[in-house]
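One line per chain: the protein sequences are A and B, in this order.
When the letters of the first sequence are read in order and numbered with numbering that gives the first Met the number 0, they come out as residues 0 to 416.
When the letters of the second sequence are read in order and numbered with numbering that gives the first Met the number 0, they come out as residues 0 to 416.
The hints are simulated quantities; they were obtained by calculation from the structure and are not laboratory data.
Hints are not guaranteed to be accurate.
Copies of one chain are not kept apart here, so a pair can be met inside one copy or by any two copies together.
Here are the computed lysine to aspartate or glutamate pairs in the EDC-like style, where the Cα-Cα straight-line distance is at most 16 Å [stated by the list, open to error]:
no.	residue 1	residue 2
1	K405	D373
2	K215	E196
3	K241	D411
4	K241	E346
5	K168	E19
6	K405	E96
7	K304	D291
8	K42	D306
9	K304	E287
Because the structure is a prediction, the values reported are computed rather than measured.
There are 2 protein chains.
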Amino acid sequence: MDISAVMNTIGKQARAAARELAVASSEAKAGALNAAADAIWEKREAILAANAKDLDYGSEKGLSPAMMDRLMLDETRIQGIVDGVRAVAAQPDPVGEVIEAWTQPTGLHIQRVRTPIGVIGVIYESRPNVTADAGALCLKSGNAVILRGGSESFHSATAIHACLMEGLKAHGLPEHAIQLVPTRDRAAVTAMLQAVEYIDVIIPRGGKGLVGLVQKEARVPVFAHLEGICHVYVDGAADLEKARRVLLNAKTRRTGICGSAECLLVDRAFYDKHGDILVRDLIDAGVEVRGDAAIAKTRGTVAAKADDYGHEFLDMIIAAKVVDGVDEAIAHIRNYGSNHTDAILTEDDAVANRFFHQLDSAILMRNASTQFADGGEFGMGAEIGIATGKLHARGPVGAVQLTSFKYLVTGDGTIRS
Amino acid sequence: MDISAVMNTIGKQARAAARELAVASSEAKAGALNAAADAIWEKREAILAANAKDLDYGSEKGLSPAMMDRLMLDETRIQGIVDGVRAVAAQPDPVGEVIEAWTQPTGLHIQRVRTPIGVIGVIYESRPNVTADAGALCLKSGNAVILRGGSESFHSATAIHACLMEGLKAHGLPEHAIQLVPTRDRAAVTAMLQAVEYIDVIIPRGGKGLVGLVQKEARVPVFAHLEGICHVYVDGAADLEKARRVLLNAKTRRTGICGSAECLLVDRAFYDKHGDILVRDLIDAGVEVRGDAAIAKTRGTVAAKADDYGHEFLDMIIAAKVVDGVDEAIAHIRNYGSNHTDAILTEDDAVANRFFHQLDSAILMRNASTQFADGGEFGMGAEIGIATGKLHARGPVGAVQLTSFKYLVTGDGTIRS
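Only chain A is shown next, with the shape it has when bound in the complex (with noise of 0.2 Å):
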C-alpha cells in the first residue's frame, strides 16, 4: 500500500466532506448519531467477533493484562458505547451558537459566532470505544474526522466505524465524515502528523511512545493529551477526615485513568499532627507506598526511587513525600507535575490561594478527589479527553472545545472615518 497516496485521498475527502458538515443541520447530525448507536447495538455479534481477533493478536504480541482489558469488549462495554454515542446525540448543537453579541457606537452589530474547525486527526492506542466517542464528538462539532487506532484494535474499530458509516447514509452525510484510516503500518501516523494541508488539529490519545513521536514529528497542530501525573497536597492545615476520605479516593477509585492520583505530597506539620496514618490507609487498602526517607519508615511502604517522582503508574502504587509546606509542594508539582490535575487538602484559604494561583495545572482541586478530572463532572458533555497543553482547549475536550468561531458584523452603509 502506498501509504502516502492513501493518506493524501483521505485528507482531500476529509476537507471535502468538512465543508458540507460545517453545514449540516443538527437535525441530521443528531439523528445519524442515534442511528449509528442503533447499528452499533444490533451489530454487537460481528463486532465481539471482530474483537475476539484483536485479542488473539494482542495475545500474540505479548500485551500486558492492562492494555488486553483495556482492547477487551463484551456486551456491557458495547452498551456503555451505545450509550456514549447517544449522550453525544442529545447535546446541544455548538456550532452556530452565539457566543457573544454587541453593538459598537458606530452602529455596528458584532456577533461571535461557533464553527466547525475542519478536519481533525485523531491518534490512539488500544482502546476500541474511542472510535465512537471521537467520532461521535467530532461529527457533533460539524469537523470531518481522520480516526488512526491502534494495531491491537484494528478489527474492533473498522467493524466500529462501519456502524458509524452506516448513520451517516441514513442521513444524507457526506461517508467521509468519519475515515478510519485502514492500514496497521505506522508510517500512517507519521503522515498525519506532517499533514498541514488537510488536517487543522491532532489530537494524540496515548502514552509516551505516541506522545514522543508527535512531539518530535508533528508539523500539524496538536491538542497535547499527555500523562496524567495527579498530585494530592494534604497541607497542615488539612482535614483529617475530608483528606483521608479524598486520597483514598484519588488513588484507588480507578487506578487506570488520567486523573488518579500518583504522587502523595505531604506537609511536614500534617505529618507532626496526624502521623503516618494516610499512609496505612493506603497500605491498608492495598496500595504500594513508595515513599521518601520519612515515610518509608513505616510498616509496608517500599523506598522510593528517583524515576518514582513524575511517574504515571495506573496501578495500585503511589509515590509520598515529606514536604515543608505548601511552596514546596509547588516547586515539587512544576518539577514533576504534567499540568492535568493537582489537588490541595487544607482548610486554609490563604495557603489554597497560593496553590490555585501559583501552579498553572489545566485543573486545581481543593478538597476534592483529582478523579473529578472528567468532561462529565465538569457538566460539559462527553469528552475526548483532558487537553493539558495552553493553546485552545484546555481540561475536558468536549464538542464545543472541537469548535472555533467567526464574526458577524451588520451595518447599514456603515463607512470608517
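Got chain A sorted already, so can you dock chain B onto it with the hints?
The following block gives chain B in isolation, referenced to the frame of chain A:
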C-alpha cells in the same frame, strides 16, 4: 555570534520571566507600561536618531517608497506609539478574570479563570511601532515576549525596546519579560520557529516571504496573520448609495492596511440594473480597476490578469469581476480569499444569511466597510493584528486573545462515587 546559543539563552530567560510575570500584579504591569510610554516620549530624539540610521540602511538596500514610509518615524508617529502603550496600560487586566463559574450537583464549585499563555514570539518586519505594541500587549496579558523585528528597523526597535526595559525596571518586573533578538541574522527566525521548548506560540506579522518561511519551518504553534485579501460582493439586492459609499471606503480610506478591499465582485443583476457606476466611482477616486471582460468595457479600466484575483495590492488598485449571484461570489471567495474579512452589500436577509453561513472568514460583514476589521473598532482594545487561523485566536488579537485559562475546583472533602 553563535545564534543557537544566543537563542537558547533568550528562551531560558523568557521562561523564567514568564513564571514571574504570570503572578505579577495588575498595578505593576500597568505602571511599567506607563513608565515605558514616558520613556519613549522623553527619549524621542534618540529614537529618531536611531530611525535615521535605519532609513539610511533602507535607502542603501533600495527599499520601496511604501516600505520606507512604514519604516519612517517622526514626532507624530512617536506620539502615536506613546498613546498606544498608554491605552494598553489603561485596559483591564485579563489575567485572573473569572470567565465562567458554576456549581455541579456533586457540590463542586468550578471556575474557569484566565491565565497567561507563557512565552510569545513575535516576528515582524519594518514597522518600528510593532516593538512597542506587541511588547505592551504581551506584558498586559502576563506573557513574556521575544521580539524579532525586521533588519531594516533594527536600530529603531532597539531604541524603543530600551524604553520598555526602563518601564519594567521601574516597577520591579523581570528584565527578560520583553526581549529583543539582538541580531539581524535570519537564522534567529528559524531558531524561534523551532524553539518548542521555550516559545508557546509564534505570531508572524509580515508579507509572503515570512508567511512561507513560517509554513515551511514552524514547529512552534502559530497564530497565523495571513494577508488580507478582502472581498466586497455587491448583490443584486444592494442599496445603490450604501454600496457606493461602502465600496469607496473599503478600498480607498487607507490602502495599506490588511482590511482594505482588494477585490470587487458585482452581481450581474446589480450590473444590469445600475450599470458600471461602482467602477466609475473607483476610477474617479484614482483607483486602478483590473476587471474581467464585462468590467473592462468601462473606459479607464485595465484587463485583469489571472493573478490579479487573490492578490493583496495594499495600493490604489482593485481586481473586479461580475458574478452570477451570491453562490458564485461565495465560490470565488473560497477560492481566492484569505479568510480575513469579506463583505456583502445587500438588503436581502436570505442572501446575507447565505453569505454569512457558507463562508468561513474570520470576519464577515454586511453593509459595512471591510476597513472596520480592527480590534479597536470591535471594542476589543489594541491589537497585534487580525488572525486568519482557526485555533485559539481568530480575528482581532488583543490582550484577551493572548491568554489561556485554567479550572479552579473547590469541594469540601468531595469524592467521586
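Right, here's what the structure says about each hint:
no., hint, in the structure
1, K405 / D373, "between (28 Å within a copy, 14 Å between copies)"
2, K215 / E196, "between (19 Å within a copy, 12 Å between copies)"
3, K241 / D411, "between (60 Å within a copy, 7 Å between copies)"
4, K241 / E346, "within (10 Å within a copy, 64 Å between copies)"
5, K168 / E19, "within (14 Å within a copy, 54 Å between copies)"
6, K405 / E96, "within (11 Å within a copy, 23 Å between copies)"
7, K304 / D291, "within (8 Å within a copy, 74 Å between copies)"
8, K42 / D306, "neither (45 Å within a copy, 54 Å between copies)"
9, K304 / E287, "within (13 Å within a copy, 74 Å between copies)"
Comparing the model with each earlier hint shows a violation of hint 8 alone; every other hint is respected.
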